[in-house]
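**Student:** Chains U and R, in that order, give the protein sequences.
Numbered by this note's numbering, the letters in the first sequence go through residues 1 to 369 in order.
Numbered by this note's numbering, the letters in the second sequence go through residues 1 to 127 in order.
Since the hints were made in silico from the structure, they are not lab data.
One or more of the hints may lead you astray.
A few chain R residues that face chain U, going by a derived Cβ cut-off under 8 Å, partial list only [claimed, not checked]: (1) 19; (2) 39; (3) 42; (4) 45; (5) 48; (6) 56; (7) 62; (8) 64; (9) 117.
Over 10 Å on every C-beta distance to chain U, these chain R residues come out as not near it, computed from the model [unchecked claim]: (10) 13; (11) 38; (12) 118; (13) 125.
Note that beta-carbon positions come from the ideal geometry of N, C-alpha and C, so glycine has one too.
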Amino acid sequence: MGLLQPPLHGVHDARGAKFTEFGGWDMPVEFDSIRTEHDSVRETAGIFDVSHMGEITVSGPDAEALMQRLTSNDVTALSPGDAQYSMITNDDGVILDDTVVYRLPEDVDGDYLFIPNAGHDEQMERRWKQHRDEWDLDATIENVTADWAMFALQGPEAEDLLIEAVDDHTPDEPTLVQNLRKFTATTVSFDGAQCIVARTGYTGEDGFEILAPWDDAEAVWSLFDAQPCGLGARDTLRMEMGFLLSGQDFNAEENPRTPYETGLSFTVKLDTDFIGRDALEAQQAEGVAEKFVGFQLVERGVPRHGYDITNTDEEHIGTVTSGTMSPTLGEPIGLGYVPVSYAEPETTIHVLVRGKPKKAVIKSLPFNQ
Amino acid sequence: MTFDIPDDRKYQESHEWARSADGTAKIGITDFAQDELGDIVFVELPAVGDDVSQGAEFGVVESIKAVSDLYAPVSGTVTAVNEQVFDAPELVNDDPYGEGWMLELELADESELDSLLTPEAYADQIA
Chain U
1 MGLLQPPLHG VHDARGAKFT EFGGWDMPVE FDSIRTEHDS VRETAGIFDV
51 SHMGEITVSG PDAEALMQRL TSNDVTALSP GDAQYSMITN DDGVILDDTV
101 VYRLPEDVDG DYLFIPNAGH DEQMERRWKQ HRDEWDLDAT IENVTADWAM
151 FALQGPEAED LLIEAVDDHT PDEPTLVQNL RKFTATTVSF DGAQCIVART
201 GYTGEDGFEI LAPWDDAEAV WSLFDAQPCG LGARDTLRME MGFLLSGQDF
251 NAEENPRTPY ETGLSFTVKL DTDFIGRDAL EAQQAEGVAE KFVGFQLVER
301 GVPRHGYDIT NTDEEHIGTV TSGTMSPTLG EPIGLGYVPV SYAEPETTIH
351 VLVRGKPKKA VIKSLPFNQ
Chain R
1 MTFDIPDDRK YQESHEWARS ADGTAKIGIT DFAQDELGDI VFVELPAVGD
51 DVSQGAEFGV VESIKAVSDL YAPVSGTVTA VNEQVFDAPE LVNDDPYGEG
101 WMLELELADE SELDSLLTPE AYADQIA
């Protein structure tokens, strides 16, 4: 099967982007240089095409009940226009995917929208439909991934750029954008296209995620005078923040992890009833054996996904799940799971870089605080 | 996109170059290779006095996104290492044929140079 393409694939190609396969999609990984793109987001603004992310809407009388039972956070806390980070877990409390759940603004069709990671939309659509039928709930589930392009405009200048791009026939909309709090969404018109804009992102900077109708993608994208950024910069930015990458920092088959192990306990509301709740309650009572940590190499080398982590006695204690040379810090950084006894900041560990132990120290996340 | 391929040296399919003079050769990676790798952040090289063999790994170059092995285009004994690239690996991006060179070798067998690609043949390979 061929790779799926975002609606702006040709535009990116003409701009000189390099592409990579990600979750079944052929996505731009780099436009100019990862360092240039990364620095733009930290210092001014960058824009990412993240149309590979999935979109599933859930509507109907039992939409709230279904969302509540299939995600770990409390969807009843959401008012129209609110969003929350949440986990989709199995019976063992193992993360199948991480997602943002939106209670849609009132002027948008549908009750809830959630954003599975690239390539997970069909699996999640099946999961939602299967449980809806099993529990005999009245909800309509639509996989609308092919209807929406998604862009992430990120960086300290993102708000100004967004305000400049808003259609001027709706004079209140700049204020609407300025008043948009973190993790809230609204509808905004760009070049006549009705888009959903949320103050969210995955870079650690202020910014917005914009859902644009697929056919309007090019017109909307071209309104933002920001550095185009690829998935390479998205990866270095999220690593500096200690944010998880689905499939790499957790993977239900190869590296099963629970929200407590990842340090994301705020996404788990044990006073709600969801799949995996009981297993997570037990784990919370017992405590976790391993924790997700950040570390910095203090010897020359770059930690990479799959490298072994050892203690100073050369005993294996974990595996690097993500690593890079941090463009912001100029230091080699990595993420991974270690036993809790090694998880305290400033604990010394070793990372085997091509078989050679390199000294590293555990750091508090985010790295660039 | 066009890449710089100077005609004063020879090339290996795995994107290293060798420029010989008086029984020695300087080696590095090509403009195409540095562009493919992107921002180079780390270079690992052998020490002066080490021997390297044609076609064998002699080091590693890492960009933000990838790790790549380096393969020796010719055999020889290392007579100089460009230590500047340890502290400023971006030199390999900025000037892969000049300031971003990697090793200087005393050639073990000058005839090995004949087996390398001409600039024209290398240009065809990356076309």
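**Student:** Take the hints in turn and mark each one as holding or not.
**Tutor:** Evaluated hints:
1. 19: Constraint on residue 19 of chain R not satisfied, violated at 27 Å.
2. 39: holds, 4 Å
3. 42: holds, 5 Å
4. 45: Violated, because the Cβ-Cβ distance from residue 45 of chain R to chain U comes to roughly 11 Å (cut-off 8 Å).
5. 48: This interface hint is violated because 18 Å lies over the 8 Å limit.
6. 56: violated, 15 Å
7. 62: With Cβ-Cβ at 5 Å, under 8 Å, it holds.
8. 64: holds, 5 Å
9. 117: violated, 24 Å
10. 13: holds, 21 Å
11. 38: Contrary to the label, residue 38 of chain R does not stay out of reach of chain U, its closest Cβ about 6 Å off (not over 10 Å).
12. 118: Nearest chain U Cβ is 28 Å from residue 118 of chain R, so the label holds.
13. 125: holds, 19 Å
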